[in-house]
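A.B. asks: Given the structure of chain P, go ahead and fit chain B onto it with the hints provided.
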Amino acid sequence: MTTEAIHDSHEHDDHHDHKMTGIKRWLYTTNHKDIGTLYLWFSFIMLLVGGALAMGIRAELFQPGLQFMEPDFFNQLTTVHGLIMVFGAIMPAFTGFANWMIPMMIGAPDMALPRMNNWSFWILPFAFSILLASFFMESGAPNFGWTFYAPLSTTYSNGSTAFFVFAVHIMGISSIMGAINVIVTIMNMRAPGMTYMKMPLFVWTFFITAYLLIAVMPVLAGVVTMLLTDTYFGTSFFDAAGGGDPVMFQHIFWFFGHPEVYIMILPAFGIVSTIIPAFARKRLFGYSSMVYATASIAFLSFIVWAHHMFTTGMPLFGELFFMYCTMLIAVPTGVKVFNWVATMWRGSMSFEVPMLFSIAFVILFTIGGFSGLMLALTPVDFQYHDTYFVVAHFHYVLVTGSLFSIYAGAYYWLPKWTGHMYNDKWSKAHFWCSLISVNILFFPMHFLGLAGMPRRIPDYALQFADFNKWVSIGGFAFGLSQLIFLVVVIKCIRGGEKASAKPWDGAEGLEWTVASPAPYHTFETPPNPEDIKGQ
Amino acid sequence: MSTEQNQERSEKDNKTTKTVKKLVLVVFAMFGFGFAMVPLYDVFCDITGLNGKTATTAAQVNEDGIDESRTITVQFISRTAKGIPWQFEPMINEIKVHPGEMKLVKFYAKNESARDIIGQAVPSVSPGKAAIYFQKIECFCFNSQPLKAQEDIEMALQFYVDAELPEEVSTITLSYTLYDITSAVES
Chain P
234 MTTEAIHDSH EHDDHHDHKM TGIKRWLYTT NHKDIGTLYL WFSFIMLLVG GALAMGIRAE
294 LFQPGLQFME PDFFNQLTTV HGLIMVFGAI MPAFTGFANW MIPMMIGAPD MALPRMNNWS
354 FWILPFAFSI LLASFFMESG APNFGWTFYA PLSTTYSNGS TAFFVFAVHI MGISSIMGAI
414 NVIVTIMNMR APGMTYMKMP LFVWTFFITA YLLIAVMPVL AGVVTMLLTD TYFGTSFFDA
474 AGGGDPVMFQ HIFWFFGHPE VYIMILPAFG IVSTIIPAFA RKRLFGYSSM VYATASIAFL
534 SFIVWAHHMF TTGMPLFGEL FFMYCTMLIA VPTGVKVFNW VATMWRGSMS FEVPMLFSIA
594 FVILFTIGGF SGLMLALTPV DFQYHDTYFV VAHFHYVLVT GSLFSIYAGA YYWLPKWTGH
654 MYNDKWSKAH FWCSLISVNI LFFPMHFLGL AGMPRRIPDY ALQFADFNKW VSIGGFAFGL
714 SQLIFLVVVI KCIRGGEKAS AKPWDGAEGL EWTVASPAPY HTFETPPNPE DIKGQ
Chain B
228 MSTEQNQERS EKDNKTTKTV KKLVLVVFAM FGFGFAMVPL YDVFCDITGL NGKTATTAAQ
288 VNEDGIDESR TITVQFISRT AKGIPWQFEP MINEIKVHPG EMKLVKFYAK NESARDIIGQ
348 AVPSVSPGKA AIYFQKIECF CFNSQPLKAQ EDIEMALQFY VDAELPEEVS TITLSYTLYD
408 ITSAVES
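The listed protein sequences derive, respectively, from chains P and B.
Here the first sequence is numbered in this note's numbering, starting from 234 and rising by one per residue.
Here the second sequence is numbered in this note's numbering, starting from 228 and rising by one per residue.
Careful, some of the hints might be misleading.
As the list claims (entries may be wrong) - What follows is a list of derived Cβ distance ranges for each label pair:
1) B:284 to P:557: 32 to 38 Å
2) P:738 to B:239: 31 to 37 Å
3) B:256 to P:378: 27 to 33 Å
4) B:248 to P:274: 56 to 62 Å
5) B:244 to P:733: 36 to 42 Å
6) P:584 to B:248: 47 to 53 Å
7) P:673 to B:256: 44 to 50 Å
8) P:596 to B:248: 57 to 63 Å
9) B:395 to P:303: 32 to 38 Å
10) P:395 to B:341: 40 to 46 Å
11) P:395 to B:297: 36 to 42 Å
These are computed hints drawn from the structure, not numbers from a lab.
In this text, a Cβ means the ideal position worked out from N, Cα and C, and glycines have one as well.
Just chain P, with the same shape it has in the complex (with noise of 0.2 Å):
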């Protein structure tokens, strides 16, 4: 009887959450749609942190020589736009998905542990002001890049470091936790009736990424730790002269950052494999082999590491091995874009703005894939490494890869969120205009590589300076399109045109059976299981 009055009491309690108003409803929230939105508004605005300092790089790299600021601000702003696109933009972008996403195409009331829920979001602001803050410290922001390298990061360092290494470890558990509410919540919650083979991709590759972050990210709290003893309490974990060794930061840091890599890009799979079917009004191609590619790829990227580091001096066996881990990677992602490609194939195709998004996904996706092949081949890597090709390569796979598919999504599930439709012609300006800028800002980048041009250097020789300056060129427009998005974003939630609950006709998945906006609470009963349908 007891527990029973207990549970009643909770019950109350969450059909009063949405009379709270103001900041209180943001600060104690534990809806899973409320925390989900707080994710995807804060990594916007961290995209437009991070893109404002991209801006102050490609500023001062618009013309060679030094105009705007010392190289050392420069390597502040390298460093910082890195760690803030990676750990505040598109990861938390993803969690805010999976987060709002989740629960409802699986049928389940909420997250598994919303307390937690609640709790993990709302360290990541601070964990971002003290990494923000140290700009304007006497040290200066963290200036060794976001791979913080050792020595760079401990002899070497400006005295950022540790305010770096404790907003990396907020930014951890932040992670951690959302990813075992994730698997908690897949684990336990699903509707009856929603087998493990009848979720939906977007549920099964953040499953898969959940995994791979409660994996890495105590092993990137370590490395951070270590590098925090040694810098400050005279260890020498990376410290030659200790007996420690700079290279075994770059294997422990590699162990964590490749997993990391795809845990930035498994989610966009999904949902790319969730809208191609919706606009082709097809079935996806090949359900069952986008989940086992998806779980050879999470498997592989634990065993790819030291193709970070072929020039450090491996033995030819090391690098042949890797060499080889790394080009495997390519089957299941092959067999991914081909699935895509086929679902698209003969299906009746309409382009709205969430499927252009996706189409472009493919297209420059794959572009960012073969490059990321060349820099397999352990030869040519001695050329490439840390040149502006590994610039390019990165930027097509998260730029055009992740941040696209976080576009894609955005749009596709927008009128879920707000009950409207966006406005169609700021949309496709929006589309248009970046995928334009974009090509303009990346694309030129692979010549500036492969011509010689190193990555995180101020100032350049003169013979790149025509590519730089359209790579600039490209740079900013690709910033001010972003802004476009900012308004669409606004103009959709005050107003438009009023959405159904299934507003794409080729859409599946249950979070299409409720109305739009999504009623606060959704699925306190099981959904039934009829409307649950294989994919």
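C.D. replies: Just chain B now, kept in the frame of chain P:
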């Protein structure tokens, strides 16, 4: 709410708690694994000579004879780490040896500052795969080297190259980096 629903609910809560416990365990295990990589890495490097790490203790004198059919060039380079005001350099830049042949070379070090400093040289061999074949019988790098202000010293290195050295290696570069470990020794 019926008791049945109640039971279902507490069952679900139990399952949730179980899964959370398992996952938290994984998190701690992986945090530990990050640190376990430190000794693992050392063991791995010791076995394979990966990363140019040489042995930190003296090798036995060679008794397997000298292979005069091969000549190996051994180059010496030296470097001082940030913050140690010493002059430190090999007295000979390179030397030709037959595998198995013992050689003695000297390094010169001078404390150019006005304070007493304890230095520690850390060796590294390139190419990495030659590291385990580079045998040091006596080396100043086995111990730290204290030097008083303005004092200088000639430090000895006695070594031979193991006859098992892979065929394709004809040049070995031995690099020493000198670190100031005064504060670490004193504390």
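A.B. asks: Which numbered hints does this structure break?
C.D. replies: 4, 8, 9, 10, 11
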